[in-house]
Amino acid sequence: EAQVTQNPRYLITVTGKKLTVTCSQNMNHEYMSWYRQDPGLGLRQIYYSMNVEVTDKGDVPEGYKVSRKEKRNFPLILESPSPNQTSLYFCASSTQGANYEQYFGPGTRLTVT
Amino acid sequence: DAKTTQPNSMESNEEEPVHLPCNHSTISGTDYIHWYRQLPSQGPEYVIHGLTSNVNNRMASLAIAEDRKSSTLILHRATLRDAAVYYCILMGAGGTSYGKLTFGQGTILTVHP
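In the order they appear, the protein sequences are chains A and B.
Numbering-wise (this note's numbering), the first sequence opens with residue 17 and increments by one.
Numbering-wise (this note's numbering), the second sequence opens with residue 3 and increments by one.
Everything labelled a hint here was simulated from the structure, so no lab data went into it.
There's no promise every hint is true.
[What the hints assert, rightly or not] Here are some chain A residues the structure puts well away from chain B; computed CB gaps all over 12 Å:
| hint | residue |
| --- | --- |
| 1 | L35 |
| 2 | L59 |
| 3 | S65 |
| 4 | K81 |
| 5 | Q118 |
[What the hints assert, rightly or not] Computed spacing ranges between beta-carbons, pair by pair:
| hint | chain 1 | residue 1 | chain 2 | residue 2 | range |
| --- | --- | --- | --- | --- | --- |
| 6 | B | E16 | A | E86 | 40 to 50 Å |
| 7 | A | P99 | B | P115 | 16 to 26 Å |
| 8 | B | S55 | A | T36 | 41 to 51 Å |
| 9 | A | Q112 | B | T28 | 19 to 29 Å |
| 10 | A | P55 | B | P19 | 49 to 59 Å |
| 11 | B | M12 | A | P55 | 17 to 27 Å |
| 12 | A | Q112 | B | S11 | 11 to 21 Å |
| 13 | A | N23 | B | P42 | 13 to 23 Å |
| 14 | B | E16 | A | P77 | 16 to 26 Å |
[Stated by the list, open to error] List time: in silico DSS-like cross-link candidates among lysine-lysine, alpha-carbon distance up to 30 Å:
| hint | chain 1 | residue 1 | chain 2 | residue 2 |
| --- | --- | --- | --- | --- |
| 15 | A | K85 | A | K33 |
| 16 | A | K87 | A | K34 |
| 17 | B | K5 | A | K81 |
| 18 | B | K5 | A | K73 |
| 19 | A | K73 | A | K33 |
| 20 | A | K73 | A | K87 |
| 21 | B | K71 | A | K73 |
| 22 | B | K71 | B | K5 |
| 23 | A | K81 | A | K34 |
Built from N, CA and C at the ideal position, the CB exists for glycine as well.
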């Protein structure tokens, strides 16, 4: 089944403790992206990647890092999480280019205390 | 960055058509117009997308204004399962916006039995 998977689905952590949220897709997609969703602010793009070893900042990249060493994986790294990064995170992937639909993962709910 | 404007909410009755508007007056010539919807506790789901011409698929139709500054998502016969938040999104396909995706605030669609 074609899908985007995220792990963990739920995470509660403390300020400053490094964490990684994994994202994996099995559709051989070149494009992958991370979003956060907050009440009243909608979905905002954090980082995106057009292909392996190519990443770019979205609208809200501060406090996040990403890497794209393999086509199927696009982990989101929070080196020193803060409470304002408490959010619902979505990973998505698509075939290269704006003329293709994005497939979204199920989401990761992160709470930073 | 190109932004979109949508009504906060709309209501419809089951079996009736629904027209969801979106304004994107600063759209660039290479931006694709995408529509996604999100059900509670789920990731966004692709609905339809287009560039200049009107588009139809099994889920909906997309009507794009001639000047591309607005578009309308048309659900031909709303069902209760169509109740969701609908997002109108511009996806850059060229220049510095290539790959960058800007979400609107979304329209909450309520469907009455």
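Looking back at the numbered hints, which does the structure fail to meet, lowest number first?
Violated hints: 2, 3, 5, 7, 10, 12 and 14; rest satisfied.
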